[in-house]
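Protein chains: 4
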Amino acid sequence: MTDTSRTPAAAPAGRPALLGQNQYGKSENRVVRITRDGGVHHIRDLNVSVALSGDMDDVHYSGSNASVLTTDTTKNTVFAFAKKHGIDSPEQFGMALARHFVTSQESIHRARIRIEEYAWDRIESSAADDVRHSFVRAGRETRTAQVTFDGAGWEIVGGLRDLVVLNSTDSEFWGYVKDPYTTLPETRDRVLATEVTACWRYGWPGAAVGEPDWEESYRLVRGHLLAAFADTYSLSLQQTLYEMGARVVDARPEVDEIRFSLPNKHHFLVDLEPFGLENDNEVYLAADRPYGLIEATVLREGADARIPVDMTNL
Amino acid sequence: MTDTSRTPAAAPAGRPALLGQNQYGKSENRVVRITRDGGVHHIRDLNVSVALSGDMDDVHYSGSNASVLTTDTTKNTVFAFAKKHGIDSPEQFGMALARHFVTSQESIHRARIRIEEYAWDRIESSAADDVRHSFVRAGRETRTAQVTFDGAGWEIVGGLRDLVVLNSTDSEFWGYVKDPYTTLPETRDRVLATEVTACWRYGWPGAAVGEPDWEESYRLVRGHLLAAFADTYSLSLQQTLYEMGARVVDARPEVDEIRFSLPNKHHFLVDLEPFGLENDNEVYLAADRPYGLIEATVLREGADARIPVDMTNL
Amino acid sequence: MTDTSRTPAAAPAGRPALLGQNQYGKSENRVVRITRDGGVHHIRDLNVSVALSGDMDDVHYSGSNASVLTTDTTKNTVFAFAKKHGIDSPEQFGMALARHFVTSQESIHRARIRIEEYAWDRIESSAADDVRHSFVRAGRETRTAQVTFDGAGWEIVGGLRDLVVLNSTDSEFWGYVKDPYTTLPETRDRVLATEVTACWRYGWPGAAVGEPDWEESYRLVRGHLLAAFADTYSLSLQQTLYEMGARVVDARPEVDEIRFSLPNKHHFLVDLEPFGLENDNEVYLAADRPYGLIEATVLREGADARIPVDMTNL
Amino acid sequence: MTDTSRTPAAAPAGRPALLGQNQYGKSENRVVRITRDGGVHHIRDLNVSVALSGDMDDVHYSGSNASVLTTDTTKNTVFAFAKKHGIDSPEQFGMALARHFVTSQESIHRARIRIEEYAWDRIESSAADDVRHSFVRAGRETRTAQVTFDGAGWEIVGGLRDLVVLNSTDSEFWGYVKDPYTTLPETRDRVLATEVTACWRYGWPGAAVGEPDWEESYRLVRGHLLAAFADTYSLSLQQTLYEMGARVVDARPEVDEIRFSLPNKHHFLVDLEPFGLENDNEVYLAADRPYGLIEATVLREGADARIPVDMTNL
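Protein chains in written order, with our numbering: chain A, 1 to 314; chain B, 1001 to 1314; chain C, 2001 to 2314; chain D, 3001 to 3314.
All the pointers check out, no bait thrown in.
Chain D regions said to be covered by chain B (calculated; three or more residues, Cβ under 8 angstroms):
hint	stretch
1	3075-3082
2	3133-3144
3	3165-3178
4	3264-3275
Keep in mind the hints are simulated off the structure, nothing from the lab. All of these numbers come straight from a predicted model, not from anything done at the bench. Just so you know, even glycine gets a beta-carbon here, dropped at the ideal spot from N, CA and C.
Looking at chain A on its own, in the form it has when it is part of the complex (with noise of 0.2 angstroms):
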């Protein structure tokens, strides 16, 4: 839902050079919301991050801000937004802060709002059932949410970041090309890892339905991605990858499309027999650098391919 058919304007007279897509806006407002309800408080936890675009030629060509919403106004508004409308989820604080931003400035066509939410538990106490103020990070993957709206349409996408995982059997990889730069040997059994970056493009048409339930989709999916990984007897990472896709996809009508990224994690098996070891899958050195990259996206029949799997910076 880049606005990638933007006919640049002119170039001022004499400059070479057009002015092509852009946008700006504050990134990365750590924004806590805490909710008390009596003695017990929530806490939604929040890295919030607004990109605008519009009208925005003269301030490229000339500085001049007549049509600038600043950066810092941008800020001001995630904070008052978060008192105003509360955060029941990072998908319902995007579509907020997106409508808001449009809808109230002209020169404003399109906001894409990016939210990484970090997750928090509640530490067992002694205190009393209904005095529950403290917590601690979960410190599992980050769920992530980006929103885009130009004034008509609305585009929704979930995901999640920092997932890793590990099977560390029920693995195979052979049968591969071979090319003069190929010494790989072939296995029947290796452990295979991989930490997820997914991120998965909602259906939802716009307003004249019912929204999703944000909560219990994003609960669902990261459970079915889980459950595919662990489940798939794997002869390559490319294949868990199209069933952990194909999973959600089955399993959750109101997502369309949704896109990997995928480190092969190696874990190689240590040489062991120089110090007369038998190493029967047992003692692995867990690699860094270089890593195998598997990203694709899995698409429901019938939709449209909105995201593009090569997405990194760059």
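Got chain A sorted already, so can you dock chains B, C and D onto it with the hints?
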């Protein structure tokens, strides 16, 4: 040049989910190449990431690796090519690799090679002039390159990141929109600092025409970026961005398009009045988060817009 | 237990400089140990760093390696010992390594083994109960251990880092010194958050007495740290620190001394008045830098003070 | 100069745990100081961490802050002193702060100031010679300083980190101990690379004698470290370390002691034989982990050994 038009293959019978765009390869191969010219040594220090795509439905749908050149083989190829072809520039080295993968394997239709290069200076030593084999990491910005080849056409993108620059004056910020969430005071003199990430697409149409001098071009583009930053009296970071891009497009005919990601590294003037001190633009707090983020592409008139502005991972 | 009393050897003739304290070894050996109990697998995931010291004057003064067990050999030993001795706990594994280096090489007088352990949970799957080989990184805090052996005595230090905790109330801060640079308003209700780095020294005197149950002890110390943080009505982070340490010393007789490094992860109440909103301890900005840093050791009465409070690298 | 001899105060009645060594303060104050000399500006860019200790039993035992200068106040002092005293060198600035804290507050007995300094170069621009206010981060190594004052004596330690150096030849490694876990082949020509972390203690005895020129001393010590690394034909990294330290002690009379932490940044010669290529010390894989780690101090004859070699956090 991502294969965005890919028609997903039919899903396996009974499966709801199609494979969409995909790519794979070995990432972050850290190759160091020493060249000995008598006692005078030269060093190139790269981080090379390979991403291949093509006929890869089977490996995703069934785990058959029959069309898969392994990521381990792509790693071996990187090191072997460092010996066979040497490293004259990241662009030349990436081109040799991309051409090899696409032309040597029928199942590979497209190769994208990403390279980071780390710079080294010579250590001054008391050794004779013809004995020079000691180096110190320059620690300056990282040079980047991305080479994409699909068997027919080339896309060559140079770049850099982590180039941190600061003007201690000649920057103003005023005249912006005031909405109910605006509290920022206007200023006629502020520090302007940013960490430049830029990538630029060469217009080089392929083998029919001589290649640009990649080394010289990198050196000159970098110089123009610094000079334009320093020379621009700035009314907004957007204006500075445009001036940097326009300078490159104007001065370097081999560059058709340049994309920037410029975080506004805020330097807040510290209020020293409570301590009876005047702070006449002398003492600043360098802040981390949040930060304004300004992103845009600048294009040569008539050139295609091919680098999307919104490149960050979800 | 660093060899602080080392008498530097005489310097080589004509040299002005003596060798002082020194140590060497292979750092960050990433060893993953899988144990198969039928179809039920177990995993231990460590990062092991070896530091040896002893008769090492010659290698520094002349480059003679005759007394040097290479760092590569220490790496091999880590992987071989993972097979030979298994990994029951970081402490037990570190002890096996330290004993080996000191007792097998005359030139090695002291070995210090540092270990980080990363925790994994099992993935719930639909597999039969006796088929369990899928794991997800718990992502919780990292467990640490440091084992030092000099041929005569042992020093065993357990620990953890990256345990992030937050109380959303029951924290005050007032009554402090006001000097000419003090501007901070007092508060009777603030968020208190920190990222606990702690290490605790076991009083275990060596082989004459049975070892503590290292696994159980770690689990219980961690629980006491969390409970004490949650249960303490805090007037200062220093007070909370002491209560956490005192709880451990009180409840765990095997621990003689515990050291904390507690950054005060500031959560600033955002001023929403300019937007006509009241912020009744609901919306906070989570700040990065600068941060208060509180460091202290807490000791059992009668125990020696052996862990220095000031441990950060220069 | 850590207060290792501290006698823990009596524990509160009925408590089993004593407070041991302790310190506190605000860490990572990022202060940027601009000095305007007409149109020519100068910049110093520091990260300042304050740690204070003294009569702090009450704040730990009871939460009374009556003796506590808040960390917020220490932050304010850093910024105010940047205005009042300027920043001629990290050492001078740290001394002004340390003296202030110890002499202005009865409860503060010791102050330790740690400083990192980031270097900037000027950007070449077309502006007139008397208009110079554009800078680019040099990105070289980070300079460090640690100043400790206890009301009577000073300890001044300069330093640097992240200085990455490499010799592409003139390094051998052989003649080492072979035990049952040794597999490393000997070599007569290898790449030797390391990332220098060094800190050196000045012998300056305090105010009775003129201070060293801290700026000049830093510049010269850095030069000697580089030259000694380049000039040493190395049989072991330990030997190179000693030669670097000895060169500094020999050439710089103001330095009494220098400590090094030198990771051996392994560059492995890649085996290209499977591809029919000879690798005559030309193509290397730059590895990340594990790495050899060599740590030692080098002392002037007759000087006290005060910097412990084992400084890493547990």
